[in-house]
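There are 2 protein chains.
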Amino acid sequence: MITKEIAQKLTAVVGNENYQDSKAGRLVYSYDATPNFQSLPDAIISPRNTKEIAEVVKICNEYGVPIVPRGSGTNLCGGTCPTEGGIVLLFKHLNKILEIDEENLTVTLQPGVITFDLIQAVEAKGLFYPPDPGSMKISTMGGNINENSGGLRGLKYGVTRDYVMALEIVLANGDIIRTGGKLAKDVAGYDFTRLFVGSEGTLGIITEATLKLIPIPETKKTMLALYQSLEAAAKSVSKIIASKIIPATLEFIDQPTLEVIEAYAQIGLPTDVKAVLLIEQDGPPEIVERDMLKMEEICKQEQAVSVQVAKSEEEAEALRTARRTALSALARLSPTTILEDATVPRSEISKMVNAINDIAEKYNLKICTFGHAGDGNLHPTCPTDARNHEEMERVEQAFAEIFEKAIELGGTITGEHGVGVMKAPYLEWKLGREGIAAMKAVKTALDPNNVMNPGKVFAKDSRKRVVVSK
Amino acid sequence: MITKEIAQKLTAVVGNENYQDSKAGRLVYSYDATPNFQSLPDAIISPRNTKEIAEVVKICNEYGVPIVPRGSGTNLCGGTCPTEGGIVLLFKHLNKILEIDEENLTVTLQPGVITFDLIQAVEAKGLFYPPDPGSMKISTMGGNINENSGGLRGLKYGVTRDYVMALEIVLANGDIIRTGGKLAKDVAGYDFTRLFVGSEGTLGIITEATLKLIPIPETKKTMLALYQSLEAAAKSVSKIIASKIIPATLEFIDQPTLEVIEAYAQIGLPTDVKAVLLIEQDGPPEIVERDMLKMEEICKQEQAVSVQVAKSEEEAEALRTARRTALSALARLSPTTILEDATVPRSEISKMVNAINDIAEKYNLKICTFGHAGDGNLHPTCPTDARNHEEMERVEQAFAEIFEKAIELGGTITGEHGVGVMKAPYLEWKLGREGIAAMKAVKTALDPNNVMNPGKVFAKDSRKRVVVSK
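Chains A and B supply the protein sequences, listed in that same order.
According to UniProt numbering, the first sequence is numbered sequentially starting from 1.
According to UniProt numbering, the second sequence is numbered sequentially starting from 1.
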């Protein structure tokens, strides 16, 4: 609870206009993009700079007020839902690109910058920031860093973590620290840069970041391979990579998802095939040409019923956009859409997709699967209705089994969405009790009063979200 | 001190043949490749598997016995010198490559595997493990991971950290945890994989690792650009990268180093120029050809007095080998060789090299500089004599000033060698008191009894190694 005294102290730091606690204002920040999680914050605060953030954090730390840093709230794990109340901290005043350094190939920015704005700004200078999460048009870089966001280009280019070189962080005690630098090599102390990337706001508040850029690829080509068998599609993925080609994008879409996308986007996608691979390669023209030919050949050898290379950039863009609309398209089907991101080693994709289908059948649910096949990062998605409690219970049970299967196959419960509240009950399956204990020790060391986005990552107890009968 | 009781307990775990505490045996492990650091361990232990390591760690943790994990001891920061006694833990029984997974492009291995053996094993399958520290012919992968080793290919391919996907770790309490997986994407909990990479054995014992591999580049070309001005060489580096070429290798060698290398290797290196760049590009033949031509042009525009492309792989290999012998060649000059690795943003190289030369002159020392120009990772090297205390004091002062300058230019005190004992007094310059306090909190959380390689990374107090008059 925020007492009058605390509110006064906070307002003294940020000014009246940057502090609100009206019911309407609090309602707006009571949920994020995750279905089924809502909880009112006590207030919303918008500090104007790092120093103010440090002051705010000190006050919250002193009075035990939870702080939930929030960008655009596009995360899918309940990570920015203020489940324990407290204040939601916004970055609307920290939304500037501070520098694009063309000599060192870096960009330095504040957390409130929109991902897509960053991408456009650096591309205007012939540079490339590869991570491209599905929400990039509205997500903020602060959110991307806190969640270690992935995207469609992860296979070849890695994820957000691979591009963060330096951070400015406000710790729970109000200390401001800087990690890393514009340095390709730096081993001075522990790798706090990467410890904080993906820590979901539970260890500190990121207030500035320097990111690595690379030269923009000269060209890009796109093709669609159609299959009447999941195994054939999965085998193509493995064979492409085993033949030493690392494509920029290697996306998988199953038939139910295809139908939904086509109904929504109407760009003439085939809906009578069992699976589609969307494959892209970028780089120097001669290499792209060579790789595309080789991949086309592999897909055909592996029983693709058709392989079509996009004839123009417009056609390619239409395919990419179609893939990107998967979530929006699926969301039209029913009131609630549960999108997950169980991830397995690339070699286990066909086993995983088959398991998802079996589990969907077992629980009498519709589960559509698409995702980043090259990464083994799948998005089984269930259109459902949160008001139907009986069905929701089946949904929970089905996803619990999906996570269990992913781990059995050497995978993980979340590839790119984060743990937040949603996956916290399952984290122990991946990390073991000992792993969780070690991570909790680090959390407690850096945030002894548990004010930094409390209730996230670690479950209150170690029980499963629902009891799964095995 | 190891009492008879402790020794008996340890021997009961590993067997008599894997425990030694003879004076001769202890002497062998009293130092590593770092000059001027020596301290006797109480015993040397060689556990046969992870379970035994966990048992050993539990005993040491109970009795407060320091544990220093050690590969080949090639590190240059005193990181494996048992400065507080205790036991040196060897990995001679954990030295196997467990699996090369061609479908997921990973290799899983034990810490005792020699880096070069790993590189050769994966190259035999057409795969590539890029990090290539100077000591790779004798260093172990466990050492590389603990130190986050770099090498000549860091600019294009990154460092050890960028290839570690999963770890098995024995924590100070004896718990065995596993981080990550064969997964391009995994955000389940904090990034403990990268927290442990480069943690110098101070947080736990790494007992197994899964590393990412990439397809081996099809071809490689090598050239040498000669300069009569440091600035011209540095400007070439910046301009190559600003023109969107990321070469595989971009090494800088100054005149004093050149002279020493040529005297040692005798392969006809020019010794009448002020600086040399050794440039390599790898990849598809047509791209390598194109990039080499473009880089040749840039070097010439930037006043290179000569640019020579190696005519054969033998000639290229001779140039690479010459560069790799820099340390050995310099070590011939005098009884003691102090090799440092101050690192700056790439754009600041010429300022840094000039500063090093000024500092050498000020303290009347010979300092030769070579290093990874593309990374801004320089190796100022001072041939000296540890027995000459007056000179050694000047050496210390000179390096303190070099570190200070590196930080002033946005750099770091160590790019790839690690902090160990050697750099610990300077760490605060890079991280600030608050940054060190946060890292110490993490260390204490995971190793409350301070048995994991104690005395490394964090200095006993925050004073400088020597008092620098400003």
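In case anyone wonders, no lab produced these hints; they're calculated from the structure.
One or more hints might be untrue.
[Said to hold, decoys possible] Calculated lysine-lysine pairs in the BS3-like style (CA-CA distance at most 30 Å, straight line):
#1 B/51 - B/137
#2 A/244 - B/311
#3 A/244 - B/125
Going through the hints against the structure:
| no. | hint | in the structure |
| --- | --- | --- |
| 1 | B/51 - B/137 | holds (29 Å) |
| 2 | A/244 - B/311 | holds (28 Å) |
| 3 | A/244 - B/125 | holds (11 Å) |
When held up to the earlier numbered hints, the structure conflicts with none and fits them all.
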